[in-house]
Each structure stands twice: as structure tokens, then as C-alpha cells.
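Undergrad: Below, each chain spelled out in residue letters.
2 protein chains.
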Amino acid sequence: MLKCEYAVRGEIVIHAQRLQQQLQTQPGSLSFDEILYCNIGNPQSLGQQPITFFRELLALCDHPCLLEREETKSLFSADAISQATNILASIPGRATGAYSHSQGIKGLRDVIAAGIAARDGFPTNADDIFLTDGASPGVHMMMQLLIRNEKDGILFPIPQYPLYSASIALHGGALVPYYLDESTGWGLEISDHKKQLEDAQSNGIDARALVVINPGNPTGQVLAEENQRDIVKFCKNEGLDLLADEVYQENIYVDNKKFNSFKKIARSMGYNEEDLPSVSFQSVSKGYYGECGKRGGYMEITGFSAPVREQIYKVASVNLCSNITGQILASLVMNPPKAGDASYASYKVEKDGILQSLARRAKALEDAFNNLEGITCNKTEGAMYLFPQIHLPQKAIEAAKAAKKAPDAFYALRLLESTGIVVVPGSGFGQMHNPASGLRRRRSPIISRFKAFHEAFMAQYRD
Amino acid sequence: MLKCEYAVRGEIVIHAQRLQQQLQTQPGSLSFDEILYCNIGNPQSLGQQPITFFRELLALCDHPCLLEREETKSLFSADAISQATNILASIPGRATGAYSHSQGIKGLRDVIAAGIAARDGFPTNADDIFLTDGASPGVHMMMQLLIRNEKDGILFPIPQYPLYSASIALHGGALVPYYLDESTGWGLEISDHKKQLEDAQSNGIDARALVVINPGNPTGQVLAEENQRDIVKFCKNEGLDLLADEVYQENIYVDNKKFNSFKKIARSMGYNEEDLPSVSFQSVSKGYYGECGKRGGYMEITGFSAPVREQIYKVASVNLCSNITGQILASLVMNPPKAGDASYASYKVEKDGILQSLARRAKALEDAFNNLEGITCNKTEGAMYLFPQIHLPQKAIEAAKAAKKAPDAFYALRLLESTGIVVVPGSGFGQMHNPASGLRRRRSPIISRFKAFHEAFMAQYRD
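Respectively, the protein sequence lines represent chains A and B. Read in the working numbering, the first sequence has 95 at position 95, and its numbers run on one by one without any break. Read in the working numbering, the second sequence has 187 at position 187, and its numbers run on one by one without any break.
Since the hints were derived computationally from the structure, they do not count as laboratory data. There could be a bad hint or two in this list.
[Stated by the list, open to error] Lysine-lysine pairs mimicking DSS-like chemistry, simulated, CA-CA at most 30 Å apart:
#, chain 1, residue 1, chain 2, residue 2
1, A, Lys404, B, Lys314
2, A, Lys351, A, Lys338
3, A, Lys314, B, Lys314
4, B, Lys351, B, Lys404
5, B, Lys151, B, Lys257
6, B, Lys351, B, Lys258
7, B, Lys3, A, Lys151
8, A, Lys151, B, Lys233
9, A, Lys401, B, Lys401
10, B, Lys258, B, Lys348
11, A, Lys257, A, Lys3
12, A, Lys3, B, Lys314
13, B, Lys194, A, Lys151
14, B, Lys106, B, Lys73
15, A, Lys3, B, Lys3
16, B, Lys405, A, Lys314
17, A, Lys258, A, Lys236
18, A, Lys3, B, Lys106
19, A, Lys351, A, Lys395
20, A, Lys451, A, Lys106
21, B, Lys404, B, Lys348
22, B, Lys3, A, Lys314
23, A, Lys195, A, Lys257
24, A, Lys314, B, Lys73
25, A, Lys314, B, Lys151
26, A, Lys314, B, Lys404
27, B, Lys106, B, Lys264
28, A, Lys106, B, Lys3
29, B, Lys106, B, Lys151
30, B, Lys194, B, Lys151
31, B, Lys257, A, Lys3
[To be verified] Listed below are several chain A residues computed to face chain B (Cβ distance under 7 Å; list not exhaustive):
#, residue
32, His63
33, Arg69
34, Gly185
35, Glu189
36, Ile190
37, Cys292
38, Arg295
39, Thr325
Beta carbons: idealized from backbone N, C-alpha and C, even for Gly.
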């Protein structure tokens, strides 16, 4: 537990919460009047509105008596009412307040399986779906299953979303990093994977699985299909389970890239279930829906033997089930309104508006970074983050040393204390070539504040 | 992971799910037409209705646009509307779709802290509250914290809710059972605790904490205050953290017993926070609310040092936060409508109706058990279960042996296959003196079916 680190909620964030309390108790005591949390993808905390149709459905499922009242017809859309009726009919006893099957409500898993099959063009089995309270508990469940002792290793990307290193550490396993190449837009070279794997093996590590995050977090790239095929082949050849974090599947902002699930890639290559045990993680927290607080998600588990599946089921059972609101939402994001539905037009306007806004802000922030002294930033293709490289002057590095801080943490702390903007130092994602700093992207006032801070910082420390 | 067992969702339940599918695909193919799940406290799955006021609030918080509409006033109670407005105001940005603080929304923790203080008459700090997705994740978090290696032991009661043994096994710790005495209505003798602790210590086990479940699960007793004081003293003297499962605090059915939190008992004895690190687990799944599917709950953590608290915070952070719907519900069960509120009268009718029905059914089942050949059952005082002892005839034990089953599992399987009633064999709760069988209590049709089964079973196997 002591080894576990989780920078997206780490030192900088705890300090930010302290400053936030100070702003409440002593307004005007700081040079800014709000904390802007860019440390984690949490869009509704920054004003993004939920999709109306999804919330109508949740309200109706929470309080089904509404379906019997005449006034409801003027308050809710007709298809929300009919779909709520269908969802409730698929829940045993219409009881949204009952524990469900440990894997989640069967009727909702059927809907999700159909959604995955429609997305990929390959069959999907509802028995392979495990509904979870967001993606994180699914990742923990798999780490608990895969890691027997400190010699069991998991390959994971650097830079990474720190959930992976945290979960591997919590479960007492060995971290086997592979590196994404900033110079090729965070692409990967399978020869690097091979080298890292062999190094680990020569240290007695039994590598059991490989984590891949696509679209990338925090790096924002969308993997080329060729990269995906390389990974599938590598896992198959080396006998590694493939753990695919695919929670940003709806967040792609460039025309020349599209999302392909790793399952689709593997099946297209002719690999069947038995050839490659793999897991796909999905969440209601990302995409255009951004329903982080609802804690919904699922894992699709294919290719594991019956005894292993029994163990996964058992661990899922010990927590009884994931929350039903999150389960319903997970089924909705995999089965949103279709053309012809009463809510489709307004749903489409909301969805497109959110995705266009995310894309626009990504581009604006990328451009702002690339126009600032000492900062370079790759093109953002997907997900919700930018991961710029900030070349700090020697004088700043020395000031950091004097303050007993890593250079990137020093920079992030200064940024917070000057502007209220919360970012995660690049080292929190495992990035080695300091000084770098991850800045998660947000609405435009952030850009001007950041720009002013950075210019003042450089003026102070420029060599 | 392989050592972990979880009988309340184990072999019998999996077989029941198979039979349920058979009933759906081939109606009429079994001698009963529904599966009656008595394996776990899941009241809404058996027709218990949620508290209307709580569901009104959830619907309004899920879809706050409703608060701006005139029709809402005729669909929702006035105090639901005003309280939803207050709850939303306490959530940063009114965003029920945003990740919250890792411990849960501060405003909701304030409400819970006030509810605990009012219940106990001792001060409570909102910073001591960690909101969780039901009680189970809280228990896992504490086991993860307490168990460093296989020599770290946790004392827990037998019979027990198997979450505890499962979680200790999953985290690789040592099980140190203490025994509840069936002959004294599941009371406890602190001399037995002492003996079990010393035995464990002589085997090199470093006992770190003691679990107590009050009211008892699956045994249904409410601990005498004297027993509670003994436990507090014992933990204090032996340097054990006290983990108190208090999720049945609203489920007490006898006039001569009342719920006392362990914190209240410890403070009444003059022990301060520093004297005794302790945790109280509460859940929205039990009580009169029975909102299992919403996965809400909290732990109140007192007396742990700052570095230990930091570790708890870190582990809570790795899962980001518990679901906001469950967080809201946890605040509601600790702050229900008060006399004078618009909804109070109807809330009171619903609450009393549920608690009276639970008490009535407990008594009816207890009487039915005690009138059957070979069955004895203690008086049920609280919680949601009965734990009868079933004295199986020798012939039945031999039939079980021939079928390669434990006698209690054999009985439970026969009961399921004859009636559709799902119970948990006593051995699933760790009870040693077989043959015994746990039967979780439910509505009355179960009694007649159970009675007919048991009489036929005894007729077949009577010595």
C-alpha cells in the first residue's frame, strides 16, 4: 500500500483542496477566486451538462411511480417514458433498489452485448459482460486475479494513467513499463515491448498481461491499426493477457483516425477467443456523456478458461453487484437514441455540441502550448488530455532543488498558487525525461491564465 | 483468491440461477414456478417498496431541470423539492455527474456527521466520514490497510457474514475466529476471545483488529451493552482496532434491546479517540430503506494516526469516489424527514409498516422453525436473518455422504430443488457443529413451502 502512488489525486490536488477551503472561509485572500481542476477528466465539474435523455431515464427508473402519472407526459420525452418502461421490465421485480446478479442485470447486459456487436461487427455474449462501478474496480479485479505474488508482472505504458501502477502496487505485483514515443506522436515500437519483457524475464518476473490505453491517457493519441495489430500479435506470441482500456472510445477528434476495439482487431486478424484472453474496459465517465459521478462501466472478458472465469465471478460476488443507476447508464451509452426516436434530434445536438467543444478546446490549448516559450505539445487526437513537454530553464531547476521539489512538481505548484489551475506533474504519469508537465485540457479562460503564468515564470527563471 | 469463499453467492445460488433460467425457457418444468432468494438480505427483490420520499429526492437530483417546471409541484412533495434544492446546492456546481472528493461530497458528510452525533450524543467530524459504494468496499479498504502479510490476523465472529472471511482471504491475512454461543442467544464470552487471540499469537500471528457485527448477521442477536463494553475493553487492552459492522442499526424488533454504536459505548466508558482506533460501517442496503441496488454507505473512522489516515485516503482516491446517488441516499438515511415536514406522516407510515412487517415475519418464521421436528431456533432480536439449527437424522447424513455433499449443503440443495427456496448452508457462515442450516427470513408463503419440504424430508430420512 505504501508503494502505491496516485498522482491525479496526489499532493498537488490535496493542496488545491486546502486552497479551496481557504477561498471559502477567507474570500479574496488569494490572487484567484476559484480552483480549476484539470487534474482528472471530470467534465461535469467544469460545467458540461449531462445528456438530457439519459437523465430523464434515470429519474424515471429511480421513481417509477412517475410512469403512472399524467403530468409525466408533459415533463418527459415520449421515448424516455417508453424506454424506462422497457428497462424496468428487464429488471427482476422492477426493483432498482435490489442487488442484481453479480455480473449485473441480465437484460442490461444483453443491451450492452448488442451494442458492442453492432460497433465491432463480431458476436458478443452477454455472459462475457461484468458491470462495474466505473472502470477502476474492473481494473482492480483483474489485477487481483492476475497477480499471485511479487514476481507476477504486468506490462503497462509510460506515460500512463496512474490507476495501473497504483493497482499493480496495491496487489503486490511487478511493474514492467514499456515506453510510448513522444517523437512519433506517442506511437509504440513493438521491439521496445520485447526488450522490456525480456529484461523483466531475466529478473525472474513472470509477465502475465499487457495494459494498453487507447485512445491514450494522458497522451491523447489514437493508436494506428498497425500498432494495434502488433500488440495483438505480441500478446498472442508471448502468452500475455491483453487488458484494453477503451474508455475514450467516443473521444476522437481527427478525421483520419477511428476507434477500433482490440477485440475487433484480433477477430479481424483471424484470432478466436481461445487464441487471446482479453478484457475491454468501458466507463460512463468519459465520451460525450461524462457521467463520472454515476460510477458505471463494464468489462467484456473473452478467452479466459472456465476455472479462471469462476474466480472472476467470485470476486465480483464479494462486492455483491455494481450500483443499478450506473448499470442502467452503461446500457444507455451502448444503446443511445436512434434516428427516428422522439429524442434523437435533441440528443444529437447535445452530443455533437459536447464533442465539438472538446475538440475545439483541445486544438486551442495545443496551439497555445506550441506558441509558448519552451513548450512543445503533440497533436491531440483523442481522449481528454494534453501532455506537453515543458523545457524548464536551469535556474528553475535549481530553484526546485532548493525547494526540495522535483522540477515538474515545483512548476505545477507554482502554477496552482498563482492561478488556481490544478495539473498533474508529468512524473505522476511515470514520464522519465523531466522537466515535463501534464496539463489536462479545459475551457478557454484557463489558456489566458496559464499563458500569463508561464510568461511570468519564464521571465523570472529564464537562463 | 482461491482460498476466498463467499457462500451467500456460492454453489447453491449459482444452481438457483440455473433453475431460474430453466423456469424462463421451459415454464412448468419444475415443481415450483419461482425462485425465492433467501440467501441474502435483499428486501426489494422480494417486493418491499422503497421509501417514496427518498426516491423523489433521487429523481429530482438526477434530473434537476424538473425543479424549474411547474408540473413538478403536483408530482413531488414540497419538502422533497426543497431538500433536493438544498442537496444540489451542497454539491459543487450542482453536478451530480461529477466525481466528488475522494471521501464523498463535503456537504453530505456534514449531514451524516450531524446524524451520527444526534444518534449517539457525542461529537462527530465530517472529516472522519468516508462515503463508500455500500459497506463491502469499506471493509475491503480496511482489510487492505490492516493486512501486510499472512501473519497479520483479524478476529471475526463465527457464525459470520462471509464478507469478512472472504476479504481477509483476498488480502492474504490470517483468520482468527471467535465463537458466538448459540446456547446464550449468540452472546459472547470475552474469555473465548482471549483464548483465540493467545492461540493465534502462539502461532506467530500478529492480531491487528477485531470485527464485530451488531445486530448480528446471520445470527440476528442484538448484543447486550455489557458484551459491547467487554469488547471495547478487550480491544483497548490488546491494542486491536475495532471494526464494527453496524449496518442493521435500524433493524431491532424487541422492546428490551436498543442499538448502541460502539463509538457511543467507548465514549461513555471514558475512552477518547486516541484510546481506541475504530471504524463503524453503515449501509443504505439494510434498515427499513433496503436500498441494496443503490450501493451507498459510509465508514466513520476515528482514532487512527495521521499517516494511517493518509493511506486510507489514498486507497479511497484510487477508486476516485463512490457513486453520487448512493452518497445522497446515505445522507438521507442519516437525516430522514422530521415531525413537521410535509412528507413526515407518509414517511412514518411506510417506515413503520416495513419494520413491523419484518418483525412479524421474523416471529412467524421463528415459531414455525421451533414447531418442526429436529429444528431449534434462537429468538430473533434484530437484523434480517434467522440461523436455526437443524438436527439431521443419521440416514440423511449418510445420504449426503453418498452424494459427496456436506450434510447442510445436501439439505439446502434438496430444499432448493423441491421448493425453489434458496438458503445458505450453515457451514457457509463458518458454523462448525453441523448439521445446521441458515435460513434467511422472508414472507409467509415460504413458511408453508418450507414446512411441507421439511416434513417430507424427515419422513424420508427419519432414523
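Undergrad: Are the hints correct? Go through all of them and say.
TA: Here's how the hints hold up against the structure:
Distance check on the hinted pair: Lys404 of chain A and Lys314 of chain B sit about 22 Å apart at the alpha-carbon level, within 30 Å; holds. A C-alpha spacing of about 13 Å is found between Lys351 of chain A and Lys338 of chain A, which places the hinted pair at or below 30 Å, so the restraint holds. A C-alpha spacing of about 26 Å is found between Lys314 of chain A and Lys314 of chain B, which places the hinted pair at or below 30 Å, so the restraint holds. With a CA separation close to 45 Å, the supplied pair Lys351 of chain B and Lys404 of chain B exceeds the 30 Å bound.
Between Lys151 of chain B and Lys257 of chain B, the direct Cα distance comes to roughly 38 Å. Violation of the 30 Å bound is thereby established for this hinted pair. Proposed proximity of Lys351 of chain B and Lys258 of chain B is supported: the alpha carbons are some 17 Å apart, at most 30 Å. Proposed proximity of Lys3 of chain B and Lys151 of chain A is supported: the alpha carbons are some 20 Å apart, at most 30 Å. With a C-alpha separation of about 42 Å, the suggested pair Lys151 of chain A and Lys233 of chain B falls outside the 30 Å cut-off, and the hint is violated.
At roughly 72 Å between alpha-carbon atoms, Lys401 of chain A and Lys401 of chain B are farther apart than 30 Å, so this suggested pair is violated. A distance of roughly 19 Å separates the Cα atoms of Lys258 of chain B and Lys348 of chain B; the hinted pair therefore holds under the 30 Å criterion. Restraint check: the Cα-Cα separation between Lys257 of chain A and Lys3 of chain A comes to about 37 Å, which exceeds 30 Å; the hinted pair is violated. The straight-line distance between the Cα atoms of Lys3 of chain A and Lys314 of chain B is roughly 11 Å, inside the 30 Å bound, and the hint therefore holds.
A distance of roughly 38 Å separates the Cα atoms of Lys194 of chain B and Lys151 of chain A; the hinted pair therefore is violated under the 30 Å criterion. For the hint linking Lys106 of chain B to Lys73 of chain B, the alpha-carbon distance of about 29 Å falls within 30 Å, and the restraint holds. Between Lys3 of chain A and Lys3 of chain B the alpha-carbon distance is near 25 Å, which keeps this suggested pair within the 30 Å criterion. With a C-alpha separation of about 20 Å, the suggested pairing of Lys405 of chain B with Lys314 of chain A holds against the 30 Å cut-off.
Using a Cα cut-off of 30 Å, the hinted pair Lys258 of chain A and Lys236 of chain A holds, with the two alpha carbons roughly 24 Å apart. Pair hint Lys3 of chain A plus Lys106 of chain B holds up; C-alpha atoms about 28 Å apart against a cutoff of 30 Å. With a C-alpha separation of about 46 Å, the suggested pair Lys351 of chain A and Lys395 of chain A falls outside the 30 Å cut-off, and the hint is violated. For the hint pairing Lys451 of chain A with Lys106 of chain A, the CA-to-CA distance comes to about 51 Å; that exceeds 30 Å, so the pair is violated.
Between the alpha carbons of Lys404 of chain B and Lys348 of chain B the distance comes to roughly 51 Å, so the proposed pair goes past 30 Å and is violated. For the suggested pair Lys3 of chain B and Lys314 of chain A, the alpha carbons sit about 11 Å apart, so the restraint of at most 30 Å is met. Note on Lys195 of chain A and Lys257 of chain A: the hinted pairing holds, with a Cα-Cα distance of about 28 Å set against a maximum of 30 Å. As the CA atoms of Lys314 of chain A and Lys73 of chain B are separated by approximately 46 Å, the hinted pair breaks the 30 Å bound.
As the CA atoms of Lys314 of chain A and Lys151 of chain B are separated by approximately 24 Å, the hinted pair is consistent with the 30 Å bound. Distance restraint check for Lys314 of chain A and Lys404 of chain B: the Cα-Cα separation of roughly 22 Å lies within the 30 Å cut-off, and the hinted pair is therefore satisfied. As the CA atoms of Lys106 of chain B and Lys264 of chain B are separated by approximately 23 Å, the hinted pair is consistent with the 30 Å bound. At roughly 28 Å between alpha-carbon atoms, Lys106 of chain A and Lys3 of chain B fall within 30 Å of each other, so this suggested pair holds.
Annotation: proposed proximity of Lys106 of chain B to Lys151 of chain B is violated, straight-line Cα distance about 37 Å (limit 30 Å). For the proposed pair Lys194 of chain B and Lys151 of chain B, the alpha carbon gap of about 18 Å is at most 30 Å, so the pair holds. Distance check on the hinted pair: Lys257 of chain B and Lys3 of chain A sit about 46 Å apart at the alpha-carbon level, beyond 30 Å; violated. Proximity of His63 of chain A to chain B holds as hinted, the smallest CB-CB distance being about 4 Å (cut-off 7 Å).
The interface hint given for Arg69 of chain A holds, since its Cβ lies 6 Å from the closest Cβ of chain B, which is under the 7 Å cut-off. For Gly185 of chain A, the suggested interface contact is broken, since its CB lies about 28 Å from the closest CB of chain B, more than 7 Å. For Glu189 of chain A, the interface hint is violated, the least distance from its beta-carbon to any beta-carbon of chain B being 30 Å, above 7 Å. Annotation: Ile190 of chain A was flagged as interfacial toward chain B, and the flag is violated, the nearest CB pair being 30 Å apart, outside 7 Å.
At about 4 Å, the closest approach between the beta carbon of Cys292 of chain A and any beta carbon in chain B falls short of 7 Å, and the interface hint on this residue holds. Checking Arg295 of chain A against chain B: minimum C-beta separation of about 4 Å stays under 7 Å; hint holds. Given hint, Thr325 of chain A at the interface with chain B, holds; its Cβ is 5 Å from that chain's nearest Cβ, closer than 7 Å.
In this structure, the hints that do not hold are numbers 4, 5, 8, 9, 11, 13, 19, 20, 21, 24, 29, 31, 34, 35 and 36, in rising order.
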